[in-house]
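Undergrad: Protein chains in written order, with our numbering: chain A, 1 to 214; chain B, 1 to 224.
Calculated from the structure, these hints are not laboratory results. Just so you know, not all the hints are guaranteed correct.
[To be verified] For each label pair, taking beta carbons as the anchor points, the in silico distance ranges come out as:
| # | chain 1 | residue 1 | chain 2 | residue 2 | range |
| --- | --- | --- | --- | --- | --- |
| 1 | B | Q121 | A | G5 | 56 to 66 Å |
| 2 | A | R2 | B | I64 | 42 to 52 Å |
| 3 | A | H211 | B | R59 | 18 to 28 Å |
| 4 | B | A201 | A | G106 | 18 to 28 Å |
[Unchecked claim] Take a look, some chain A residues computed to stay more than 10 Å from chain B by CB distance:
| # | residue |
| --- | --- |
| 5 | V56 |
| 6 | F73 |
| 7 | A121 |
Glycine included, each C-beta is placed from N, C-alpha and C at the ideal position.
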Amino acid sequence: MRSFGPNEMVYIILALRWTVLLATCALAGGVVFGALLTATGLARHAVARSGVTIFVQFVQGTPLLILLLLAYFGLSAIGLELGALLSSALALTLYAGAYFSTIWRGAIRAVGSGQWEGATALGLNRWLSFRLVIFPQALRMALAPTCGFTVQLIKNTSLAALVGFVELTRAGQIVSNATFQPLLAFGVVAAAYFVMCLPFTLLSEWLEHRHAHP
Amino acid sequence: MTGYILTFEPVLQRWPLLLEGLTLTLFLTAIGVVMGTGLGLMLALARRAAAWPLRWLSRAYVEIFRNTPLLVQLFVVFLGLPSLGIRLSPVAAAALTLVLNNAAYTCEIIRAGLAATPVGQIEAARSLALRPWQTLAFVVLPPALARIYPALVSQNVLLMLSTGITSAIGTQELTAAASDINSDTFRSIEAFALAAAFYLALNYLQRLLLWALGRPLFRSTNWA
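With the rest of the complex left out, here is chain B:
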């Protein structure tokens, strides 16, 4: 245990690999955040639909995705779907699974925000002759999103952190790059510590970016 000297040089020499990995991590995160949150919003609206099959389907979807590991979901999509004739590349399978997974969590968050809308506001919108979609878009949704925005940011950071799991099906993202460098150089601590530093930095950058993007939600309102 004694006398271990940290040597980052052989790890840093392979910076193109790390850069490539970082790019794919950013790509997977962006798709997962944008499409996952979009799908989550649709699922949350389905939970309020008048038709019970829609409500039931949304609920079943959320429970299935929240109660099984992302790793198993990845294996089902990447290894299992080809037997149904759907063959995806590792990156496509990873992106699809991350979107489906993130949607289940964001659905629950958005649903809670929508549920906290005071009934009086919906009644007021209706008595002003707003159509249902206008009520949703202008009265219900903005304050609901402002209410749950912190939780939404946290969930999307968790999604970024979980993109590394997709290395299990062969995506060449940051964790895979660190693993490759580890097996090339046997500099395990250095390789994974460097990856950890990248993820930590991404975590803060993503929070900053999402807060900046969310500012219009909070502008000129005291909703939240």
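Next up, chain A with everything else stripped away, as it sits in the complex:
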């Protein structure tokens, strides 16, 4: 039996980079996919709009863990072996895209049709109206909840441990099994997540406060 020493500490801290990598992939993928869903969800084409609605309802009504298991086991059943990292990144991207698009669509809708009409009256086309008039206002509203969801995304990378990807939580499990000191191992893991997430939580609260009391 090993005891919990500096080596175990280093092992957990080094696993942090895989959590950061996964979170970064999921965030980047989620932002791109979310923007795509937002644009499609606001399109004039009714079929495209309802397609987005159905997809978003499906993702938000299904546990992320089930999406992850579908991406990991399901895709390999049809011959697409993505491995733990890629299938986790894929599931987290779909999940983040659905939530981002909900947040962003809500923010764009909240700007109000008067702004669109005003921009059109000034001779701006649809894209320029969006870029110059709607987007800057929507951004202010969307920033705080986007930041808040990023915390959920970082925490949910821990589910990748359940398909065997050795990130922070899985490293904690390995150390816990080797040292028989689960409280210490998972305490360190929890502290690492806390340090990663707290800045985003506080930033989100600050943005919300600033938006409410300009």
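Using the hints provided, position chain B relative to the given structure of chain A.
TA: Just chain B now, kept in the frame of chain A:
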């Protein structure tokens, strides 16, 4: 990739396993919703307490639970607490963790609702000689709960969706049942798609039920 034929038969044959899993999912959700929201309300009230240690403790509790993953919380409770002499069964550890986790989120929601109470209403209640608890129970709380009820419903649906994570410590709920069926039959897509369908249905049913239960809050008021 070509030629995959969906075959639900071997999965559906194991329906008793799914039914058992579904029951435990409902059980964990019910405990998490009721006790988690109750604890959340108490934490939200502690945030308004006169004594600063109470306010500080509530804040620290919320930040610790909101900024760490549920999976790690489950491992701390199920694997870590026994070294302090607290040994829980998987289901008890799962229920406890879900309650503690949900309380942190519902506390934040309820706190925001309470904070939006106009000061004039509290002053009016006080000048009508209502006691502090009467002010809280009859003047402050009902409109605050009506205001934040949609957010509360959404959070409790998210809690239901996260009960599947407790399969990691060995609870035999819906996700665990689907995983077992997957390893028995290798029908991965069918097993997890069926579980997804169950969760989707639960999501709508839970929303309906919570809205029906919340109706008294909105009756004969224009608070919200």
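Undergrad: Hint by hint, note whether the structure agrees.
TA: Now the hints, each set against the structure:
The hint said 56 to 66 Å for the Cβ distance between Q121 of chain B and G5 of chain A, and at roughly 59 Å that hint holds. A hinted range of 42 to 52 Å is violated for the C-beta pair R2 of chain A and I64 of chain B, which are about 28 Å apart. Under the hint 18 to 28 Å, the C-beta atoms of H211 of chain A and R59 of chain B, about 21 Å apart, fit the expected range. Taking 18 to 28 Å as the suggested C-beta distance range, the pair A201 of chain B and G106 of chain A conforms, at roughly 25 Å.
With a minimum CB-CB distance of about 12 Å to chain B, V56 of chain A clears the 10 Å threshold, and the non-interface call stands. The Cβ of F73 of chain A does not lie farther than 10 Å from every Cβ of chain B; its closest approach is about 4 Å, which violates its non-interface assignment. Every CB of chain B is more than 10 Å from the CB of A121 of chain A (nearest about 35 Å), matching its label as outside the interface.
Taken one by one, the earlier hints fail for this structure at numbers 2 and 6, listed in ascending order.
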